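Participant: Chains A and B are the protein sequences, given in the same order. Each residue of the first sequence is one higher than the one before, starting from 1 at the first, in UniProt numbering. Each residue of the second sequence is one higher than the one before, starting from 1 at the first, in UniProt numbering.
Simulated from the structure, these hints should not be mistaken for laboratory data. Take these hints with a grain of salt, some might be off.
[To be verified] 20 Å max Cα-Cα, derived SDA-like pairs, lysine to any residue:
no.: 1; chain 1: B; residue 1: Lys-98; chain 2: B; residue 2: Ala-126
no.: 2; chain 1: B; residue 1: Lys-321; chain 2: B; residue 2: Ala-282
no.: 3; chain 1: B; residue 1: Lys-44; chain 2: A; residue 2: Leu-279
no.: 4; chain 1: B; residue 1: Lys-309; chain 2: A; residue 2: Ala-335
no.: 5; chain 1: B; residue 1: Lys-44; chain 2: A; residue 2: Tyr-281
no.: 6; chain 1: B; residue 1: Lys-309; chain 2: A; residue 2: Arg-349
[Stated by the list, open to error] Facing chain A, according to a computed beta carbon distance under 10 Å, are these residues of chain B, among others:
no.: 7; residue: Asn-32
no.: 8; residue: Ser-193
no.: 9; residue: Lys-285
no.: 10; residue: Thr-308
In this text the structure is predicted, and so the values were computed from the model without any measurement. By construction, the Cβ of each residue, glycine as well, lies at the ideal position given by its N, Cα and C atoms.
Letter by letter, the chains look like this.
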Amino acid sequence: MPEGVVAPVKVAEGLEVAGITAVPTSVTVPVAVADSVELYRTMRFIRRFEERAIDLVRAGEIFSGIHPCIGQEAVAAGACAALDPGDIVLSSHRGHGHLLAKGTDPSRLMAEMAGRVTGIDKGRGGSFHPSDFTAGVYNSTGTVGHGAGIAAGIAWAAAKAGDPKVVLSFFGDGAVTQGALLEGFNLAALWRLPVVYVCENNRYATTLPVEAAVAGTITGRGEAFGIPSSVVDGQDAEVVHAAVAEAVERARRGGGPSLLEMRTYRYHGHHTFEMLVRLRYREQAEIDSWKERDPLDIQATRVAEADRARIDAQVELELDEVVRFAVDSPRPDPADATDHYHADGFRPRPGVSL
Amino acid sequence: MPKLSYLKALNRALGDEMDRDESVFVLGEDVNFALTNITAGFLKRYGPDRVVEVPLTEQGFTNFATGAAMAGRRPVIEFQIPFLLLLVFEQITNQANKFLMMSGGQRSVPVTYLMPAAGWRAGWGAQHSDQPYSLFAHMGVKTVLPATPTDAYGLLTTAIRDDDPVVFFGPLASLGVREIVEYADLAPIPLGSGRVHRAGTDVTVVALGHLVHEALAVAEELADEASVEVWDPRSVYPFDWTGLAESVARTGRLVVFDDSNRACGMGAEILATAAEEMRLVAPPKRVTRPDGAIVGAVPELDVALQPTKAQLAEAVRTVLKSTGW
Ligand SMILES: Cc1ncc(C[n+]2csc(CCOP(=O)(O)OP(=O)(O)O)c2C)c(N)n1
Ligand SMILES: [Mg+2]
Chain A
1 MPEGVVAPVK VAEGLEVAGI TAVPTSVTVP VAVADSVELY RTMRFIRRFE
51 ERAIDLVRAG EIFSGIHPCI GQEAVAAGAC AALDPGDIVL SSHRGHGHLL
101 AKGTDPSRLM AEMAGRVTGI DKGRGGSFHP SDFTAGVYNS TGTVGHGAGI
151 AAGIAWAAAK AGDPKVVLSF FGDGAVTQGA LLEGFNLAAL WRLPVVYVCE
201 NNRYATTLPV EAAVAGTITG RGEAFGIPSS VVDGQDAEVV HAAVAEAVER
251 ARRGGGPSLL EMRTYRYHGH HTFEMLVRLR YREQAEIDSW KERDPLDIQA
301 TRVAEADRAR IDAQVELELD EVVRFAVDSP RPDPADATDH YHADGFRPRP
351 GVSL
Chain B
1 MPKLSYLKAL NRALGDEMDR DESVFVLGED VNFALTNITA GFLKRYGPDR
51 VVEVPLTEQG FTNFATGAAM AGRRPVIEFQ IPFLLLLVFE QITNQANKFL
101 MMSGGQRSVP VTYLMPAAGW RAGWGAQHSD QPYSLFAHMG VKTVLPATPT
151 DAYGLLTTAI RDDDPVVFFG PLASLGVREI VEYADLAPIP LGSGRVHRAG
201 TDVTVVALGH LVHEALAVAE ELADEASVEV WDPRSVYPFD WTGLAESVAR
251 TGRLVVFDDS NRACGMGAEI LATAAEEMRL VAPPKRVTRP DGAIVGAVPE
301 LDVALQPTKA QLAEAVRTVL KSTGW
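All chains should be built: construct the whole structure from the sequences, respecting the hints.
Facilitator: In structure tokens:
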């Protein structure tokens, strides 16, 4: 049996649950150390990737529009840097940064968003629901909050298969009022599953301010299930990294799930449609004050200027290639529209019999 | 005369009912800022006790509405995305809709579930493009699907006044439809009453939701070949079987144009009932989404899975050519 997984917990005499318990504390898992330059690179890449994606939305190449994660790059970069390549990430509708930070091929992600056959999901996931099993990104659910239980299931099955992985589940502040999220927390805590729940509290769910939505606190939800929970500065990638690394270490040790509430902010609208429809649900002064603690600026202070210049230039070159690849890739053939409906290739009847 | 859009008709119907009846209130996500425009101007007009902004707690607030309805209010819940109706399917079908019967007729649950963006959104992915009205009809929940601004006004008004739960599907593709109206002519429309949009004698096309407009275009295109009647049930449960039988009695031939998934969709129910109970001189046809259709995230793939005008025209021709069973 691998380290970190022991016999099921006995919760009551005669009743066994499918649990994973802590191993003796003599087993130590080293906490990863942040690589400042690499974090800067990842964040710079995410920001410019999103900006280029917005250009493609304007150009009509990304038909769905996108939910830009600009302003929240430190969470994606810091959190994913604390994972091993074999670990798993579950993302959300605002997921491009998560995928990029976890190691998805950016060209194929952009192609996915542009609905091209070369996309990571052959154009079937799009910007809203991308998954990439080669990078360990299992899912980006459109149903807010419903990744939490899925994360628990993945973590449980991997551990039971003798190949324990840490599963990091991203969701927004909007998810913490969703019953399914709390049900996922309960299962993960009950069975001490190696899940790191990362809430990106960017203060709004579409137009709804967090204060108008959440009774109690976000961390209080984790604490209620006995899940170690803390508030983290989500604008500082190294702070994020340290917090996630600690949670990952606990998870690997068999210490069960953690909940980290990342305080962050999205600079853009909820979705690019806000470029067309002006919704005044937040003050410019608030947006400006968050921009004063821009995650890229914070990380830039830790990187030598020459390195930064080199990275910035390289990111531009790479993104030119990313965009070129996406736009030049072929569009899918409508004749294939029912591909992948079922695992055995079974196809639905068409909508008309002629 | 004023031009009324479908969306504005919903805004107007809801406002008129809120003015008329103090017990009516609206709850939903982003209703304060009227993201969908349905509640445009409402927060100022009615205040936060009647325009209730809720967190992302669909199962919770759908049950909440059931409770408020049991206690004498008439909630209207606005949902943003069709799949949210699937998320609250239990709360609508099992909690709200069965309660009157389970209480031996003591208390009804007058909630309106307003889905003002039903159906396919180009490129929005498989989780955002459902059209689940057939499911609610299957579960016996009153369900309406108006195609025009006037019908939207009339049926939303009726849904709110009805003492039972009613699901209102406003097809996304109809939201921009405009109609010249006299406001004074806007009136409630009874559930279960269909409408002949275009009279004809050779074939009845039953069109649902936004497909009514496409069916009318096809009927015009085929005008030299055949006299096509376009009939719109407007509500799928209860369904105007009498109205359909009258139309079919005139034409003897039937094609259904339905945005449901083919298997167990409304189209299937309409063909089955017509075959059982009506006088059809030729086998009927339906044009629907495929079986179990999910749409992808690419417009050209998605569109390949939508029922099209070309398919309808072909189906109409096939049914007209048919020499019988
Ligand atoms: C269960 C559910 N309810 C509503 C929606 C519609 N919706 C999509 S994103 C969103 C806001 C989500 O806010 P949050 O979780 O804070 O994430 P953010 O957009 O801020 O990243 C809403 C209401 C949805 N997709 N799923
Ligand atoms: Mg948020």
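Participant: Can you give the numbers of the hints that this structure goes against, from lowest to highest?
Facilitator: 1 and 8
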